[in-house]
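Novice: Each chain, letter by letter, is given below.
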Amino acid sequence: MSDPPRIYVVDDDKAVLRSVKALLGEVSRDVRCYLSGEQFLNEVAIDQPGCLVTDLQMPGITGTMLQQHLNQAKSPISIIFVTGVADIPLAMVLRKNGAVTLLEKPYEPTDLLDAVESGLRASQQRWQSLQAEVY
Amino acid sequence: MPSREGADNFVRQIGEHLLVERYSFEGPGETLPEGTCEFPIEKRVREPSHVSRLPVWWHPTVAGLLIAVIAILDVMRPSASMFYLIPALYVGWSMRGRVEWTCYLVVALTVFLVPVLVTPSRATQTRMLNRALGVGMSLLVAYVVGDRRQFADRLQRSNKELAVRGAKRAFELETTIRFLGQRELRLRTILDSQPECVQLLDSAGFVLEMNRAGLAMVGAESLDQLVGKSIYPLVSAEFRKQFQELTESVFRGDPGTLEFEIVGLTGNRLWLESHASPLRTADGRITAVLAITRDITQRRRAVEAVRESQQLLSSVARALPHWIYIFDFDESRITYSNNSILSDLGYSPEIVGQDLSWEMIANYMTPEERPRLARMLDEWKVLPDGQLREDEYHLRHADGTVHSFAGRETVFARRADGTVRQVLGTLADITTSKLVEAALRQSEQQFSLFMRHLPGLAWIKDVQGRYLFANAAAEKAFGFPLADIVGRTDDELFAPETAAQFKAADQQAVTSGSEVRTIESLKHQDGSLHHSIVSKFSLPSCVGETLVGGMAIDITEQKRAEETIRRISAFRETIVRTAAEGICVCYAVPEFPHVRFSVWNEQMTELTGYTMEEINRLGWYQSMYPDGEIQERAKSRMAQMRYGKDIRAEEWEIIRKDGARRLLAISTSIVETEEDRHAVVALMQDITARKQGEETLRESEERFRLLFEGANDAIFWADAESGLLTHCNAAAENLVGRDRSEIIGQPQSFLHPPEEAERYREIFRAHATSRSRESIEVEVLRSDGRRANVSISPSVTMIGGQRIIQGIFRDITERKRSEESLRESEERFQAFMNQNPLVAWVKDDEYRYRYVNSAFARLFDRPLSEILGRTDYDIYDQQYADQTRANDIVVMQSEKSLDTIEKVPGADGRLRHWLVQKFPLRRSRGRFWVGGTAADVTDRIEAQEALRTSEARLQAVIRHAPNVAIQWYDSNGRVILWNEASEAVFGYSAAEAIGKTLDQLIHTPEETAVFRAALAGISRTGKSIGPTEYSFHRRNGEPGTCLSNIFMIPGDDQSDWFVSMDVDVTERKRLEADLSLRQRELLHASRLNAIGQMVAGLSHEVAQPLNAIANFARGSASLLNTANFPQSETLKEYIQAITDQSRRCGAILQRLRDYSRRAPSRQKSCELNPILIESTELIAPELRRNNVSVGWELASELPPISADRIQIQQVVFNLLNNALDAVRDQERSRRLITIRSSEEHETVMIEIEDHGAGIASEVFQHLFQPFFTTKEDGMGIGLNICETIVRNHGGRIEASSNKFNGATFRVRLPALQKDLRASHLAREIGDNE
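Each protein sequence line maps, in turn, to chains A and B.
Residue numbering for the first sequence follows numbering that gives the first Met the number 0, starting at 0 and increasing by one per position.
Residue numbering for the second sequence follows numbering that gives the first Met the number 0, starting at 0 and increasing by one per position.
Hints listed in this document are in silico derivations from the structure and should not be mistaken for laboratory results.
Where hints are given, some of them may not hold.
Said to hold, decoys possible - Chain B is faced by these chain A residues, among others (derived, beta-carbon under 7 Å):
| id | residue |
| --- | --- |
| 1 | 12 |
| 2 | 14 |
| 3 | 15 |
| 4 | 18 |
| 5 | 19 |
| 6 | 24 |
| 7 | 25 |
| 8 | 44 |
| 9 | 104 |
| 10 | 108 |
Unchecked claim - Here are the simulated distance ranges between beta carbons:
| id | chain 1 | residue 1 | chain 2 | residue 2 | range |
| --- | --- | --- | --- | --- | --- |
| 11 | A | 64 | B | 1298 | 30 to 36 Å |
| 12 | B | 374 | A | 64 | 53 to 59 Å |
| 13 | A | 64 | B | 1255 | 33 to 39 Å |
| 14 | B | 1194 | A | 64 | 37 to 43 Å |
| 15 | A | 64 | B | 1073 | 54 to 60 Å |
| 16 | B | 1193 | A | 64 | 32 to 38 Å |
| 17 | A | 64 | B | 1077 | 47 to 53 Å |
| 18 | B | 1261 | A | 64 | 37 to 43 Å |
| 19 | A | 64 | B | 1289 | 45 to 51 Å |
| 20 | B | 1195 | A | 124 | 38 to 44 Å |
| 21 | B | 1197 | A | 64 | 39 to 45 Å |
| 22 | A | 64 | B | 414 | 47 to 53 Å |
| 23 | A | 64 | B | 1076 | 48 to 54 Å |
As the list claims (entries may be wrong) - List of simulated lysine-lysine pairs, DSSO-like, C-alpha gap at most 27 Å:
| id | chain 1 | residue 1 | chain 2 | residue 2 |
| --- | --- | --- | --- | --- |
| 24 | B | 1313 | B | 1163 |
| 25 | B | 1131 | A | 20 |
| 26 | B | 1131 | A | 13 |
Note that beta-carbon positions come from the ideal geometry of N, C-alpha and C, so glycine has one too.
Hey, can you work out the whole structure from these sequences and the hints?
Specialist: What follows is the structure, encoded as structure tokens:
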């Protein structure tokens, strides 16, 4: 694999965004940050594998909406949700829709690292199986 | 019809009336054959009107015929007596009663006993008796059979068919009877146990059946007393007809009910209620009335009693002057009203007649009152039972005036659930009483003012003698502060004798009911005894008891003067009485004896031998001058005297009582007495002896002549009348240098320089008329033209009936010369005295003016001659003369000088005050004259008087200033004055406070220092201080605060006075402090509450940076692990980010802590925009969570405001929170809040505009009321808090709808004025230090 795995981070808080990037530098060199869901959708090719770390509550397109969009587009991208306020029903909905992890702020940096790694793996597999379907 | 059904029917009918348990009856075991009894009940039915269908006579006739036939057979064939059974059996069978039986007996006995009596044969008799025995036996049989038959027959008779069936069915009947008997017994038991009367009546009202309860009602002991009798007589006469109608209607088939009264058998009266229904047979015939009757006497009585009391109440209510009404909440109107209040209020009957709905009533209330109405109804709804609510209402009278009503309400009825349904209220018109009250209050005030400002003493006591009121003058005179006087009696205040004196007068005033004037004496505090004219009068008081009012005017001075005068006149009296000369005062009277004496001293009695009474009775002229001619002369002399010709030592011979002649020298003068009468004062001297001596004297005259001739001094005699010189001696010839012949016969003026002849004539005349023996100094003209100064000692003598003036001339030329220098100095003195504005005078020992200076003369605008030689009595009215004379006497007697004030009217009649100094002038022979000087001090005295009045007024104001404690202090801080309000505020009475300094009274050392500093400040600058708050401690130790104005009254000699006027604000301060504390608590609680609501958002807000920090830290760690130094820039960046994020975290917490801090309210100068931003940051997480956008339109240059930062934040926060709630549920495009700031007319404005659903119009007016909310979980205090805070900052808050259909809240706060900014800044710096 020549390309480093792609990690996308969406958060409306710039500081958080930067901090996540600093943290995930350990996993990949290709960590891309977006301040809103719109920016993410505009700039990212979602048919490629990757892992998305996104805040749930954001002005404009929220985390949930991003998940719906990716699911509809059958994107291989795994999603890790980060939220200030986690509640169980929401977690269930998200998981049913294929989310890997829901982390509640403040989370242990290791948890996010683990989640991203497993997310990337899952994404890779999904992408491969999607490729198999296509061909 | 089966009998069972009939019985059941009966039971059912009874059951319907009585609601008894329903019994089912079973027969005694055997089944009754059908048709045995159609209607068993009828066995009890009797028909009193029933008669036998066969005529009564039938049975005895048949029996008699049978007996007759048998008797004939018996006679023909003896021993057939058994056949008598045949008629007996017949009788027994057919017998209906005793009638038939008796008929049979009579017939049978007649048949057998008549032959016994008429037949003499014994055998026949025996046989007949045997027959009779047989008949008797047969009768016995007949009775037995008949009785049984009779019973069966009765049953049979009620049923035709049964009757004809006869004995054939006897057995069946027996069975039925037994069965029914049992059933009847049961029913009877049930009936008898009923508490109500159950009775059966037939159509004519006869009682068929009645249970035990019924019997008890009518007072019967058993049914037999009633059965077969009509019930009607028992029913009271007035109900009898109704009862009969009821019975009849029931027989027609209509049941009915009647209430009626009965009179029982024992005479008892009862009220009964009967439900009557028809009792039907099986075929529907009505045979009887079943009546169930209840005793309703108790109920009836209760109803009667209630009705009576209701009638009574309603008539009382109608007669009451108050309006009594019942308000019904169900109907929302007045359902009862005793009379219409509206007619009392003067509205026309058309209006009054209308329905009194509550809205109508409201129309008659005053506009201000109406809003209260709803509140009042709400209060009524929660009134507890038995509690009266009292209120005052104001209703409009038709004439436009407003009447006051005292209203009282209480709960009248409640609904089943306990809520109030009806309220009973009364309204009483108290307008008049209120007016009267006000008028009374005013009058009381006027009275009190009047009393207080009386210059004299004034007080009021109640009947027990306790003082209720005393004015300032009385307080001073009594020597007690008012507080100590009020409530005390005279006994407690004064010495016993003083109190007794006061009480006696009080008693007199109360009993007489009119004014009593007395003179009372009271020892004042300074020990001086004061006398007052006291006027005491009874005063009516409102409680019906009599009060005693008193007013007193101090007359001590007057008393003292009177005393002096009394002493003077006593002195005079004594002189007159004991004089060596006869002194009398007489006046002319028109009638006999023409002259009457009022004074007649002892010497007069000695001279004349008559007492005054005798002389007044006998007459002076008549007894003294018996000789008619002399008498006339005396009378005419008297008449002349009245025109001014006083008698001067004239000699009159009188005849004494003892007849002796006496020669009297009489001198008289006219005096005016008080009664404006001219009285004559006469002095009489017995000169009889002298006259006799004169003769002797004349004899020695020759001897004197020698002496006369040889005298060293020149002696001239001159005729007193003509002034011609009659004699002179040798020395006289030498003196004038002329021969005696030249001198004799010349007028006396010849001796003196001719240019002054007139003067000398005057002097001579003066000497001739007066008896003055003063020596005079004159110039004598000698023949050689020289003039000699001589001193003349004049004397008047009678020589040979001629009045001669003898002048002894002594040459004093030498002496004169030496005297000249003396006179010059005397003239200088005179000039000095006359130029002096001081009034000066000298009076001789007879109080005649001997010298007055020109100021004196000017004063009275009279020439000197009119003053000199006169006394004060000639110049002044008596009262003033008495006063000056009294002082003169004091000087004379004490021989010491006297300074005093005398009041004397001046020439213009105005009373003037003189500061008089009187001093004794020693004269020869131990005599004293009185000298005096006087300065007019009227202006000063009047000024003093005016000052005193003004001071009294001031005192009155100070004393009565309501609630303003006023104190005066001297320059040492000692209390000089302490008014009533001060007593009330500080707890010390004036008596306690005066003379002390405040640290001895109400100040702690610190407070004293503050107060002293204040006084020193005033003293230095002369400016007043205040209103400033000072703390103090009351007498009981309670701390207090007063708001004081202190100012200075500059004194004349460095002794300034300070006046402090205080209002006690302790309570107000406490309340303010309390209120502000509570308000702060509320604000704080509200802030905490808001924070609680936002905890989720805030935790997110904190979690965010914390998370970032953790991430950066881990990132940094991983960088370090790689040990890749070229990445140290990145590491630095991460660490910087960690620092920033922890700061961010800290800032959030800081904000939160600030906001939730319980800080005392403190306004500082601050900028508005940062406050807006900070407040928004607090709520920002919530806004973000709800996707609400905030638009900012902040003015760039706003003036600062003076505000409590946290509180303004709270306002903005609350408004933003409301805006958030308003837009939360809107579609996303409308979730917009705009925050604006701007400046406008010295105010700074905040606007919070939302795009929510807006505020409903009916909500606007309640918007800022506490506990008003439209939110489901809201408490309704947010906007109220905003309003409170903004108001405390001197600003305004308002809400309006905006063009986006949302709401806009505007807060205006006053901008800090430029000149205040600096001082605020300074204070803040100070605070920070």
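Novice: Compare the structure with each hint and give your call.
Specialist: Now for the hints, and whether the structure bears them out:
{"no.": "1", "hint": "12", "in the structure": "holds (5 Å)"}
{"no.": "2", "hint": "14", "in the structure": "holds (5 Å)"}
{"no.": "3", "hint": "15", "in the structure": "holds (5 Å)"}
{"no.": "4", "hint": "18", "in the structure": "holds (3 Å)"}
{"no.": "5", "hint": "19", "in the structure": "holds (6 Å)"}
{"no.": "6", "hint": "24", "in the structure": "holds (6 Å)"}
{"no.": "7", "hint": "25", "in the structure": "holds (4 Å)"}
{"no.": "8", "hint": "44", "in the structure": "violated (26 Å)"}
{"no.": "9", "hint": "104", "in the structure": "holds (4 Å)"}
{"no.": "10", "hint": "108", "in the structure": "holds (4 Å)"}
{"no.": "11", "hint": "A/64 - B/1298: 30 to 36 Å", "in the structure": "holds (32 Å)"}
{"no.": "12", "hint": "B/374 - A/64: 53 to 59 Å", "in the structure": "holds (55 Å)"}
{"no.": "13", "hint": "A/64 - B/1255: 33 to 39 Å", "in the structure": "holds (35 Å)"}
{"no.": "14", "hint": "B/1194 - A/64: 37 to 43 Å", "in the structure": "holds (38 Å)"}
{"no.": "15", "hint": "A/64 - B/1073: 54 to 60 Å", "in the structure": "holds (56 Å)"}
{"no.": "16", "hint": "B/1193 - A/64: 32 to 38 Å", "in the structure": "holds (33 Å)"}
{"no.": "17", "hint": "A/64 - B/1077: 47 to 53 Å", "in the structure": "holds (49 Å)"}
{"no.": "18", "hint": "B/1261 - A/64: 37 to 43 Å", "in the structure": "holds (41 Å)"}
{"no.": "19", "hint": "A/64 - B/1289: 45 to 51 Å", "in the structure": "holds (49 Å)"}
{"no.": "20", "hint": "B/1195 - A/124: 38 to 44 Å", "in the structure": "violated (58 Å)"}
{"no.": "21", "hint": "B/1197 - A/64: 39 to 45 Å", "in the structure": "holds (41 Å)"}
{"no.": "22", "hint": "A/64 - B/414: 47 to 53 Å", "in the structure": "violated (59 Å)"}
{"no.": "23", "hint": "A/64 - B/1076: 48 to 54 Å", "in the structure": "holds (51 Å)"}
{"no.": "24", "hint": "B/1313 - B/1163", "in the structure": "holds (14 Å)"}
{"no.": "25", "hint": "B/1131 - A/20", "in the structure": "holds (15 Å)"}
{"no.": "26", "hint": "B/1131 - A/13", "in the structure": "holds (18 Å)"}
Checked against the numbered hints given earlier, this structure breaks hints 8, 20 and 22; the rest are met.
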